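Which chain is which? The protein sequence lines are A and B, in order.
Going by our numbering, the first sequence opens with residue 63, and the numbers climb by one from there.
Going by our numbering, the second sequence opens with residue 5, and the numbers climb by one from there.
These aren't lab readings, by the way, just hints derived from the structure by calculation.
As the structure is a prediction and not an experimental result, all values here were calculated from the model.
Every residue gets a Cβ at the ideal spot worked out from N, C-alpha and C, and that includes glycine.
Honestly, I wouldn't trust all of these hints.
[As the list claims (entries may be wrong)] Partial list, derived from the structure: chain B residues whose beta carbon lies under 8 Å from chain A: (1) D54; (2) V142; (3) K244; (4) S278.
[What the hints assert, rightly or not] Simulated pairs of lysine-lysine, DSBU-like, Cα-Cα distance not exceeding 30 Å: (5) B:K293 x A:K438; (6) B:K244 x A:K235; (7) A:K150 x A:K295; (8) A:K438 x B:K103; (9) B:K50 x A:K338; (10) A:K232 x B:K50; (11) B:K50 x A:K438; (12) A:K338 x A:K360.
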Amino acid sequence: MLKRRNLFSLTVWACVILTTACSGTTTDTAATDADTAATGDELGGTLRLLTWEGYAPDELIAKFEEETGVDVEVTYIADNGEIISKLKATGGEGYDLASPSVDNVKLAQEQFNIYQPIDMSRIENPDVLVQSLAEKVAEYSTVDGEVYSVPAVWGTSGLIVNTAEAPEVKSYKDLCDPQFAGRVTYRSRFPTFAGAMLALGYDPFKFSLEEPENVDGWRAMMEEAYTYLVDCKSNVKTYWTSRQENIDLMAKGETYLSQGWDGTGWVLSQENPDIKFIAPVEGALGWVDTFTIPAGAKNLDAVYAFINFMYRPENAGELTKGGGFLSPVKGSTDYWPEEIKVLVEESFPESALNNIQWYAPRPAAFDEVVNEYVEKLQVAEAN
Amino acid sequence: MSRSPIVSPLRRVNWGVVLTALPLLVWIVGLVLWPQLGLLLQSFYKVGGDTVTLANYLSIFQDSDLIFLRVFGKTLLYTLAIAALTLIVAYPMAFILAKVLKGRQKLVFILLLATPFWVNELIRVYAWIGLLRETGVVNYLLVDVLRVLPAPIEFLYNDIAMLVVFVYSFLLLMLLPIYSSLDGLDDTLIQAAQNLGADRISVFRYVVWPASLPGVTSGLILVFTLSFSNYLIPTLVGGKSSLWVTQLIYNRFVVATNWNLGAAYSFILLAIASLVVWGLLKLTGQSLKKVLGS
């Protein structure tokens, strides 16, 4: 009897702990109204999005569902690798539309063949896009002459600064200024290395475009950035791993300075006006997340309907309201609330906008070197 | 009523048992063994390669700065420490629960211990973050209420904080099996030992400890294997230098999309964990059968 109970309680507790430890991904089915599918020209069916938190605000999804009669299911990811892993596991099945960063698309497509080309003729009004962005995305996502992505959301990473504690900050180098010892946070990921490389006078993006074969040259640059970041490690309170952790550390005043996303900075500014997002003198790091269609997408009509829906300025403007994400759609700024407009303009004067350093696709061999140094940095002891 | 010689062998199969066992079988084969086998196969190929190779396994001796071996060694060492610490904390509690408290008190004690564990692990870890962080509850008490510290200290983001949260998280897994073993120990045995002149230490050494050993062993095994394979706690609570071996595996699968190498790492983890479990069983003189309570 006793032993039975023993086994039982063990099993129960093992299950409790294992299951809670294993629940990772959140799948959120947006509220759907059964009554909406009524009129004749509606599409219907389901649209399964694989995207980042904040890219599919509830209000927008509800509006889209009402217009089209399509049920939208949203699955959130927190890392580009997650998109690739999920689609790789199923051979591109399971989702209708994904939002990988543009610098990831080409390599993933070449290695795993998980996407399908965009049919440009189905984009109703491509002129609505900021052309420089659209061209860059097309250029970076072209595989065998076919374009695989169109822009969805863009933003930058730069410096989030508590100006009350750190008034003079303007460069990535300030992250390693000893006067901020223990008051700095950033990720142990490529953006931090990219910032360090820029601070050291290198241009990692130009390098990976112009010398994609030069792995040794890349390694030498990474090594130098690594040494620099190890020296800087005593300044770091912790490497943040989620947007929310970055927000908590800055909002509670535990750190004064962080390398993070512009949207994070603007969210913080609205709570505490002393906190600002600053584009560093070396240039903010610009990323573009895309609409890219998985190879096994089922409901292509709904996919293009959704892209066209998101390319309407009044809808695109909504993206910025909640999470501070920027849209590639011209005229979307007309729909921004005034306070966001002020914050964005303050962070990005004309000169800073022109100085954005855009992420470029990296060869697989470069990424291997990056992963190696990212881990080395996490193991290294602070000096 | 003699048995017919031509009865079909199928008749002798107890279909009731087979049907009941079917879900378990499907579970074990389809959801545990099959995917594991797939990963095991993958671990013998390079990414995109089609020749069988040990390169993924050998790479742990070749990667720069021996990152895998260093992180792996550290994780192993820490996990053993976590198991030992949890034992030290849980044992007296289990003893009190089994031998000192009676009836209702026991129930209240168990409820108090178990209630926090009805909450998701993630939320419990966030609660610890709220306690330990620089602007957290502990610092508030020490600095503003008790005034024993002049300025707040960062308790979070270091290895000690990580160990504390680990011990807390796995306490019940150690406590319950030990409690079960001790509960099964007849009190009259302890009294007999005392009557025969044994002092407290001898009673513990020769009566209580041997009786609790199956529980201790199963507790150690549970805590060891679960903290070895934990990802959450080192990621959220650990500091800027607390890389855990599971994070390396996550990086292989998700960040680097190198499932083949990730699979190899996972099987090294599995092999070493099995070895340690085997060692623990040998060390405590227990058999797996006994420890699992059959």
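Fill in: 30 Å limit on alpha-carbon distance, applied to hinted pair B:K293 and A:K438
42 Å, violated
Item to complete: Could you check if B:V142 really has its C-beta closer than 8 Å to a C-beta on chain A?
Response: Given a least distance of 14 Å, the restraint on B:V142 is violated.
Worksheet item: Are the Cα atoms of B:K244 and A:K235 separated by 30 Å or less?
Response: 19 Å, holds
Discussion item. A:K150 and A:K295 were given as a pair; does the straight-line alpha-carbon distance stay at or below 30 Å?
Written reply: Between A:K150 and A:K295 the Cα gap is close to 35 Å, so the pair fails against 30 Å, i.e. violated.
Discussion item. Check the hint pairing B:K50 with A:K338 against an upper bound of 30 Å on the C-alpha distance.
Written reply: It is violated: about 46 Å lies between the C-alpha atoms, which goes past 30 Å.
Worksheet item: Given the proposed pairing of B:K50 with A:K438, does the C-alpha separation stay at or below 30 Å?
Response: With a Cα-Cα distance of about 22 Å, the restraint between B:K50 and A:K438 holds, given a limit of 30 Å.
Discussion item. Please verify whether A:K438 and B:K103 have alpha carbons no more than 30 Å apart.
Written reply: Cα-Cα ~50 Å, so violated.
Discussion item. Quick check on the hint: B:D54 CB to chain A CB, less than 8 Å?
Written reply: Violated: closest Cβ of chain A sits about 15 Å from B:D54, beyond 8 Å.
Worksheet item: Holds or violated: is the Cβ of B:K244 closer than 8 Å to a Cβ in chain A?
Response: Holds: closest Cβ of chain A sits about 5 Å from B:K244, inside 8 Å.
Discussion item. Given the hinted pair A:K232 and B:K50, is their Cα-Cα distance within 30 Å?
Written reply: 44 Å, violated
Discussion item. Holds or violated: the hint that B:S278 contacts chain A, with Cβ atoms closer than 8 Å.
Written reply: With a closest approach of 17 Å, the B:S278 hint is violated.
Discussion item. Given the hinted pair A:K338 and A:K360, is their Cα-Cα distance within 30 Å?
Written reply: 43 Å, violated
Hint compliance for this structure: hints 1, 2, 4, 5, 7, 8, 9, 10, 12 are broken, all remaining hints hold.
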